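> Kindly produce the complete structure, drawing on both the sequences and the hints.
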Amino acid sequence: MMLKIGQYLQNRYEILSLIGTGGMSEVYQAKCHVLNRLVAIKLLKEEYSTDANFVSRFKMEAQSAAGLSHPNIVSIYDVVDEDSLHYIVMELIEGVTLKNYIRNKGRLENREAIGIAIQVAQGIAAAHDQHIVHRDIKPQNMIINKDGKVKVADFGIARAVSSQTINGNAVGSVHYISPEQARGEYSDARSDIYSLGITIFEMVTGNTPFEGETPVQIALAHLQQPMPHAESLNPEVSSALSRIISRCTQKMPENRYQDCYDLISELRRALVDPEDEQLNRQAESDDAPTQVRGAESDGPTIILDRIADSSDALKRKNTKSAEEKEAAGAPEKNGRTNTANGKQKNGVSRGNAHEGNRHKRRETASLDKMLNAIGVAAAIIIVIIIIVIGVKLSGLFNDSFSDSGKSTEITAESGTDESTSESESGSTDAESGAQESSAGETIRLDSLNLVGMTLDNAKQILSDKKLEVKIEEENNTEVEKGKIIRFSPTEAEEGDTITLISSLGPEKVMVPVPNITGMSVENARVVLDTIGLSLGMETRTKDDAPAGTILSQSAEPQSEIAKGSTIDYVVSEGKDTHFVAAVNDTLSLQDYFGPSSGNTELKISIVMKQVVDGENHTKVVMDPTTIMANTALPVHYSIEGADGIRRGTLQVLDLTNDRVLKTYNLTFVEVAR
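Numbering (full-length UniProt numbering), first residue to last: 1 to 673.
Treat the hints with care, since some could be wrong.
[Claimed, not checked] Between beta-carbon pairs, the in silico distance windows are: (1) D188 x T577: 52 to 62 Å; (2) G106 x N145: 15 to 25 Å; (3) I19 x G482: 26 to 36 Å; (4) A547 x S638: 37 to 47 Å; (5) E615 x T577: 18 to 28 Å; (6) G148 x I19: 18 to 28 Å; (7) T649 x E522: 24 to 34 Å; (8) P489 x E556: 43 to 53 Å; (9) I19 x S638: 25 to 35 Å; (10) G67 x S638: 30 to 40 Å.
[Said to hold, decoys possible] Once the Cα atoms are required to be at most 27 Å apart in a straight line, the calculated BS3-like pairs of lysine-lysine come out as: (11) K619 x K4; (12) K662 x K619; (13) K563 x K575; (14) K609 x K662; (15) K563 x K619; (16) K146 x K99; (17) K575 x K542; (18) K575 x K508; (19) K609 x K4; (20) K481 x K466; (21) K563 x K603; (22) K470 x K508; (23) K470 x K31; (24) K563 x K105; (25) K105 x K45; (26) K542 x K31; (27) K603 x K662; (28) K481 x K575; (29) K99 x K45; (30) K105 x K481; (31) K146 x K575; (32) K251 x K99; (33) K459 x K481; (34) K508 x K563; (35) K619 x K609; (36) K542 x K563; (37) K470 x K459; (38) K542 x K99; (39) K481 x K465; (40) K619 x K542.
The set of hints was computed from the structure by calculation and includes no laboratory data. Bear in mind the structure is a predicted one, so any value in this text is a computation, not a measurement. Glycine included, C-beta positions come from ideal geometry on N, C-alpha and C.
Here you go:
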């Protein structure tokens, strides 16, 4: 059920306005009259509030999340059941969701995206430290306030719905879902890291990596399709940041960052050094697919096996040395120190023996990879030497050596034959032939991921390949304006012309502009939504019109504009004056209950009432309070009334006996704020 503006919850929270509506909740701005602060109230929709199991899970998880306290997490103040209403009272953040911020900017620069990602990761890390996994990390749940601080919201509500089936209601979340969540398997902190990686990808490219007509298709894409590289959609993405995104979004959880602190550390490195080679090598190693080496030839397999066997002792020795260093707390090369109490990262101590063991396994795995790489390189060199010697002994080089009679020397640097032969012109011809072959190579355009790319990015990539570009445009309902729908041909050589078909967006449908001047913002939003328009930029100004009233609009009423357009508007903040009444009195309750009522407890409340536009409005001035019946109750208030209303009453209520003890007539005077 929708809450009404002016309605009170628990005689404490006054509903001021509707902020927004989501798939499972409505969010309201409210004022807490006990602590005199603005709050946000997230109210479960009726279809969820009638599900007893869901409500129970929702309450339990929200109460757990209420224990979180971190600058990058939206604070939860209270979890309330009130009759059929189930709602969370939480911190009100004046700002914009990251989703809308991306939508407005198109895509973010590297430094801005990294700064936001670090703040989000810090909030998630604090939750993970309390064994709380969000399970619905997405830009819609990240709020940027006016100072640029980012806060993560919906920890409790995300966990409560985590077991719901992927269906039509999951459209917003499924773009960020981890593969293990899509399979319905156990999810942990690494699932949040995957979703954050998808969010970083969207920040720097302006798009989510996987699309589909249904939520199920998108979920399958997370399971089956390779993750596109961010720099293919935005060449400005730094190499280091692209590798971080790639590692966050590995299909297998064990190949991702194992906790948010590792991710934060590398994000900071990427901020300082966008082309961090060490970070890139780390990411390449993690992203490399598992390969069976030597499957195509028996010979190399035997060589690799022997080299691997001969290196076992060295591997065991190095592993033992690393373990001894860790046990002694010796610093590692990457600047981290393992101690009995855990590992130090950026001067912050955390973890336990389990963390140290995990770090040790990671170091050992890196050593194994390095030794395997050395073995492969040695095997290749041995094979080359064997082939060269074999060919030489077979006499195939006799013709080239016969003139000079000089021997050939095999150099370790190049692995090629250097001869004092006088056939310099032959060598030159061979080099020029190689250059001609390179220039004539076929370029496979399918591998460039042009479809869905912005026109400017596609033109730049093709220009770098020394290809000419021809541009054609057409309307398309699926592909955003300015992005590539398709191209031809699919293969080309340098100098060829590639035709890019760019989207003009959906074919424009013109609709008449309604007159929204004089409406409230919420009513105007509903009116515009019904005809396919929406509110655009808001400008606030002082005016005699009630606060929240639209004063003017950018598009003239009855003119025609394209469906999907936005209308900017100016809204009133209200006048520079307000109407105030004052009461100064002391009410002796003993006059009502007698001199022998000293031990009698009463629950007293004070309310102000006015008639506005024919409707009774009630405002709580003093919340219900238990006091003794022989108390002298001070009634000293300066009360703000409704705009333009000069009369009202102040009532002292005896809630214990359900009666009005005294009524004061109020006269409101217009004064400057």
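> For each hint, tell me whether it holds in the structure or not.
Tested hints:
About 57 Å separates the C-beta atoms of D188 and T577, a value consistent with the hinted range of 52 to 62 Å. Take G106 and N145: their Cβ atoms lie about 21 Å apart, and the range 15 to 25 Å holds. Checking the proposed 26 to 36 Å range against I19 and G482 shows it holds: the Cβ atoms sit about 32 Å from each other. Range check, A547 to S638: about 20 Å between beta-carbon atoms, so the 37 to 47 Å window is missed.
In this structure the hint that E615 and T577 lie 18 to 28 Å apart at CB holds, the actual value being about 23 Å. Between G148 and I19 the beta carbons are some 21 Å apart, a value that agrees with the proposed interval 18 to 28 Å. About 30 Å separates the C-beta atoms of T649 and E522, a value consistent with the hinted range of 24 to 34 Å. Restraint check, P489 to E556: a C-beta distance of roughly 48 Å satisfies the suggested window 43 to 53 Å.
For the hinted restraint 25 to 35 Å between I19 and S638, the CB-CB distance of approximately 29 Å keeps it satisfied. Between G67 and S638, the C-beta spacing of about 38 Å keeps the proposed range 30 to 40 Å intact. Simply put, K619 and K4 have alpha-carbon atoms about 14 Å apart, close enough for the 27 Å limit, and the pair holds. Proposed proximity of K662 and K619 is supported: the alpha carbons are some 16 Å apart, at most 27 Å.
This hinted pair does not check out: K563 and K575 have alpha carbons roughly 35 Å apart, beyond 27 Å. Pair hint K609 plus K662 holds up; C-alpha atoms about 13 Å apart against a cutoff of 27 Å. Only pairs whose Cα atoms come within 27 Å are accepted, and K563 paired with K619 is rejected, the gap being roughly 42 Å. Distance hint between K146 and K99 is fulfilled; the C-alpha atoms sit about 15 Å from each other, no more than 27 Å.
The straight-line distance between the Cα atoms of K575 and K542 is roughly 6 Å, inside the 27 Å bound, and the hint therefore holds. Proximity of K575 to K508 is assessed by CA-CA distance (about 40 Å); at most 27 Å being required, the pair is judged violated. For the given pair, K609 sits about 17 Å from K4 by alpha-carbon distance, which is consistent with the 27 Å threshold. The hinted pair formed by K481 and K466 meets the criterion: a straight-line CA distance of about 26 Å does not exceed 27 Å.
In summary, the hint linking K563 to K603 is not supported, as the alpha carbons are separated by about 57 Å, beyond the 27 Å threshold. The hinted pair formed by K470 and K508 meets the criterion: a straight-line CA distance of about 24 Å does not exceed 27 Å. At roughly 59 Å between alpha-carbon atoms, K470 and K31 are farther apart than 27 Å, so this suggested pair is violated. Restraint check for K563 and K105: satisfied, since their Cα atoms lie roughly 21 Å apart, inside the 27 Å limit.
The hinted pair formed by K105 and K45 fails the criterion: a straight-line CA distance of about 32 Å is larger than 27 Å. Between K542 and K31, the direct Cα distance comes to roughly 22 Å. Compliance with the 27 Å bound is thereby established for this hinted pair. About 15 Å separates the Cα atoms of K603 and K662, which keeps this hinted pair within 27 Å; it holds. Taking the CA atoms of K481 and K575, the gap is about 42 Å. The hint is violated against a cut of 27 Å.
Of the supplied pair hints, the one linking K99 and K45 holds, its CA atoms being roughly 23 Å apart against a limit of 27 Å. Under the criterion of a C-alpha separation no larger than 27 Å, the hint pairing K105 with K481 is consistent with the structure, at around 15 Å. Distance check on the hinted pair: K146 and K575 sit about 24 Å apart at the alpha-carbon level, within 27 Å; holds. With a C-alpha separation of about 24 Å, the suggested pairing of K251 with K99 holds against the 27 Å cut-off.
Restraint check for K459 and K481: satisfied, since their Cα atoms lie roughly 16 Å apart, inside the 27 Å limit. Taken as a hint, the K508 and K563 pair is honoured in the structure, with Cα atoms around 7 Å apart against an allowance of 27 Å. Restraint check: the Cα-Cα separation between K619 and K609 comes to about 6 Å, which is no more than 27 Å; the hinted pair holds. Straight-line distance between C-alpha atoms of K542 and K563 comes to about 31 Å, which puts the hinted pair past the 27 Å bound.
Distance restraint check for K470 and K459: the Cα-Cα separation of roughly 9 Å lies within the 27 Å cut-off, and the hinted pair is therefore satisfied. Straight-line distance between C-alpha atoms of K542 and K99 comes to about 30 Å, which puts the hinted pair past the 27 Å bound. The suggested pairing of K481 with K465 holds, with an alpha-carbon distance near 25 Å, which does not exceed 27 Å. For the suggested pair K619 and K542, the alpha carbons sit about 25 Å apart, so the restraint of at most 27 Å is met.
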